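Number of protein chains: 2
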Amino acid sequence: MKNNKKIAIVFGSQSFEHEISIVSAITMKKVLKCEIIYIFIDKYREFYLIPTDIIKSNLFSSGEYKKFDKLELNHKGFTRKKLFGREKIKFDTVLNLVHGGDGEDGVLAGLFKFYNIPFIGPRIEASVVSCNKYLTKSYAHSCGVKSIGFQYFTKNEIITVEKFPVIIKPVRLGSSIGVSVVNNKEELDYALDVAFEFDNEIIIEPFCAGIKEYNLAGTKIENEYQLSIIEEPQKEQFLDFDKKYLDFNRTQSILSAEIETQLEEKIKESFKKIYNTFFEGSLIRCDFFVLDNEVYLNEINPIPGSMSNYLFEEFNTVIESLSLNLPKHKQININYEYVNKIQSAKGKA
Amino acid sequence: MKNNKKIAIVFGSQSFEHEISIVSAITMKKVLKCEIIYIFIDKYREFYLIPTDIIKSNLFSSGEYKKFDKLELNHKGFTRKKLFGREKIKFDTVLNLVHGGDGEDGVLAGLFKFYNIPFIGPRIEASVVSCNKYLTKSYAHSCGVKSIGFQYFTKNEIITVEKFPVIIKPVRLGSSIGVSVVNNKEELDYALDVAFEFDNEIIIEPFCAGIKEYNLAGTKIENEYQLSIIEEPQKEQFLDFDKKYLDFNRTQSILSAEIETQLEEKIKESFKKIYNTFFEGSLIRCDFFVLDNEVYLNEINPIPGSMSNYLFEEFNTVIESLSLNLPKHKQININYEYVNKIQSAKGKA
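Sequences listed follow chains A and B, in order.
Residues in the first sequence are numbered consecutively from 9, following the numbering used here.
Residues in the second sequence are numbered consecutively from 9, following the numbering used here.
Just so you know, the hints here were simulated from the structure itself, not pulled from any lab data.
A quick note: this is a predicted structure, and the numbers were derived from the prediction, not measured.
Watch out, some of these pointers could steer you wrong.
[As the list claims (entries may be wrong)] Pulled a few chain B residues facing chain A out of the computed Cβ check, cut under 7 angstroms:
1. 24
2. 53
3. 114
4. 125
5. 325
6. 338
The beta-carbon is built from N, C-alpha and C at its ideal position, and this holds for glycine as well.
Extracted from the complex, chain A is given alone in its bound form:
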């Protein structure tokens, strides 16, 4: 059954996760029942309208996408050139599926806010807090949600690690890029070089090999949380980029993790505290650690791979309702009261 919403999936862009964004976007065609159109952002940040019926990943790797309509974005929305003038591309809501840079760091959120484009995805502040692992921990703390203890270092600082194994992560970037598990002192320098290749700041956390991980995705619609099942991801030591990449075209529903009701409730409560009003407009996935029955936030994915569709029983309904309940911006009334006051006081300003 098709519904009446038309969603514009925006994907690609100047990001380390450009390619997994393409995979995520194509996956949506298999799971979304509403009408969808595809707006690709290439590495030069040019917009292209890709026909939904023929979209496939090698259109992008081959450069073939360039033969399709180039779009412009301004207050009229996305438009394409016609014989006379320009035509507006019609859709109801953008679904921001740009993973990593541009999509999850607030660039597109800023662009869409400026041009008043309704979109599903994290707003600027939510993007910055999710994208920066240090700020994620601060934010979690403010919400009363625990996270793993850590050390924070900037480039050129003297870095000493007392106890191995540790996990080293660049402060920004997602999808395990630049992340290493370090088992001993000998492995440290190389891992630091790798992490600092991607960022000027890193965090070092203790690495707990046997730690349980649980993922929960969800959103809030009309003040009601819509939560997914809780997944215990099957993973090796941790997912490297290749493995995560293959993870982005998942469509098959999975079984809930077998956990006690009490722990399940704790995880759900932690999710709600994180989501609160901060993530309004987005569907996020929180990855939690559980140690001695305590729940710790590991990371927030404000644009999870393939939107975590496989975790929801009613993914279509969730996306459609979310698109109908996006946060509204208050229009600011600018009446030049102060300028007028000064002018009357000074004659002319």
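Chain A is already provided as a structure; the job is to place chain B on it using the hints.
For chain B alone, coordinates are given in the frame of chain A:
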């Protein structure tokens, strides 16, 4: 003496501080010696090129600005319509002078990053951290800089205050909008209503009537800090919007605050810890409190009123050098390695 740089001052926009941005922008004409052009963003977020020789505040309050050239922004930069095609507006660097919304919350930073426009001003992350008073405190803590203790509340929470006076502030917004000093229980409800008018989250801090305040502005150019003099602002209980507004057209240099060398050093060190690499590309003003010889960060103004020109001896040199030393973005190499791998594994993806 004119130098060769051409700076485009971007101001106005959909912001509670739209009008003080106009005042700040016009003030720049009096203090900047380089060539400047003016790009006004009206409340509908349309761009206009305002002739530098005739700019004055009533062009905006009267709506007269609309007779000037409307601009478009895309990968070609800012362009205006010509008889045939469009002409690029030439400048070297934007100076983001949009105070408050759009300017200081990351919207314009996102827009300029997307379209590769070089600009003086805070980047997205720095904007979000400065704009959100809760995140400012978290960030200060991560840098080893103290801030005043506080309580944090969201709308609809039960709010109790044990000890008066307190100062109530919306979490976002600047320029004292929605801020009240509350002396007793009777004044509380009204002050909370005012604050929640502007934001869903507020912070409540103890209000210390006699606290000393010191302002320091600065930037970093080629890894060297360029700091202003330290000012002890002359203020009543605290500056309300009207008074701050008049403060935005200051051009006259002032005298340094009379403080001990040791305290001066502490304030400067705190500034450097805050600025670090996080604020690269911007000239910020940090407002500090001093209590019992301890320095506390009060707030970060990532686009201070009239760029705090009156605090610098060599304001022109600072702005010009900053415009020559803006942070560079690393271009991400997108080679479709993963897409190609999948295609060869699966035939076609």
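Status of each hint after checking the structure:
no., hint, in the structure
1, 24, "holds, 6 angstroms"
2, 53, "holds, 6 angstroms"
3, 114, "holds, 4 angstroms"
4, 125, "violated, 12 angstroms"
5, 325, "violated, 27 angstroms"
6, 338, "violated, 9 angstroms"
The earlier numbered hints that this structure contradicts are 4, 5, 6.
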